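S.K.: Sequence:
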Amino acid sequence: METYPRIIDIDLDIRPIILIFAHRMDDKRYLLSLINEGEHQQQDFKYRVSDACKLAKSVSAFANTEGGRLLIGVRDDGHLSGIKSEEEIYMMHQAAYKYCNPEPSITFDTYHAEGRTIVIASVPFSTKRPICAIDEEGKKRAYIRIKDENIVASPVHLALWRQSQKKQGTIMAYNENVSKVLSVMQNRLTLNQIVRQTSFPRYKVINLLACLISFGTIRWEYDNQQFLFSLT
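Mapping of the sequence shown onto my numbering: position 17 corresponds to residue 17, and the numbering continues sequentially without gaps.
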């Protein structure tokens, strides 16, 4: 992440005034450079934090995908609104550490521009996927980031992550089950369509798809609010 210098070499007598000015100008310039990128795969704007559970979804999505940052106190149109209270800062920490499981690694940096306070929450990619967000009912769901959206991860993603945690790696034999899955995939299909066409138990199809994706034989994409699988 790009940073800007906070100290400049100037006459000692006027240093306090100019340092404050330079700090604010650097903060504003840095924030505007990020805002000009818009919301994308690794960046999200949050106008305010009113619900820690909702914020946890973004944390989960970034941690499970490529990492990213949340600009908190920025409207969807890029306007600097700022955070309003200490309670919002508390909710940010709640989202990261109480409403995510396992706890992700996350850092909070505070910036000041136009008399407003903006917080950037940086979420690195996690090697301990899935990072799940916990909702108001205590249910855990893992999310992934696709473009500028947080999407509930598919069962195939969960299986992929489980396989990636195995120390011995993924081993798959080419057998009749694999052959049948590949034979039905002449077009893009949903998980349910593959289950119906192969007549295999759902859990078996999920694990086979995860293995085939890890070996680069099958790919997934998200289109029209559903996950689709096809041959590479």
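To be clear, the hints were calculated from the coordinates, so they are not data collected in a lab.
Certain hints may be false.
Stated by the list, open to error - Taking CB as the label site, the calculated pair distances span: (1) Glu136 x Ser33: 15 to 25 Å; (2) Arg141 x Gly78: 45 to 55 Å; (3) Leu231 x Gly38: 44 to 54 Å; (4) Ser179 x His79: 36 to 46 Å; (5) Thr232 x Glu87: 23 to 33 Å; (6) Ser50 x Tyr174: 45 to 55 Å; (7) Pro124 x Tyr174: 31 to 41 Å; (8) Glu114 x Lys204: 24 to 34 Å.
Quick caveat, the model's predicted, so the values are computed rather than measured.
Cβ coordinates follow ideal geometry from the N, Cα and C atoms, glycine included.
S.K.: It remains to establish, for every hint, whether it holds in the given structure.
M.R.: Outcome of the hint check:
A hinted range of 15 to 25 Å is violated for the C-beta pair Glu136 and Ser33, which are about 36 Å apart. Take Arg141 and Gly78: their Cβ atoms lie about 29 Å apart, and the range 45 to 55 Å is violated. Under the hint 44 to 54 Å, the C-beta atoms of Leu231 and Gly38, about 33 Å apart, miss the expected range. For Ser179 paired with His79, a C-beta distance near 56 Å fails the hint of 36 to 46 Å.
Remark: the range hint 23 to 33 Å for Thr232 to Glu87 is contradicted by a beta-carbon distance near 48 Å. Taken as a hint, the range 45 to 55 Å holds for the pair Ser50 and Tyr174, whose Cβ atoms sit roughly 52 Å apart. For the hinted restraint 31 to 41 Å between Pro124 and Tyr174, the CB-CB distance of approximately 37 Å keeps it satisfied. A C-beta distance of roughly 57 Å is found between Glu114 and Lys204, which places it outside the suggested range of 24 to 34 Å.
In terms of the numbered hints stated before, the structure departs from hints 1, 2, 3, 4, 5, 8, listed from lowest to highest.
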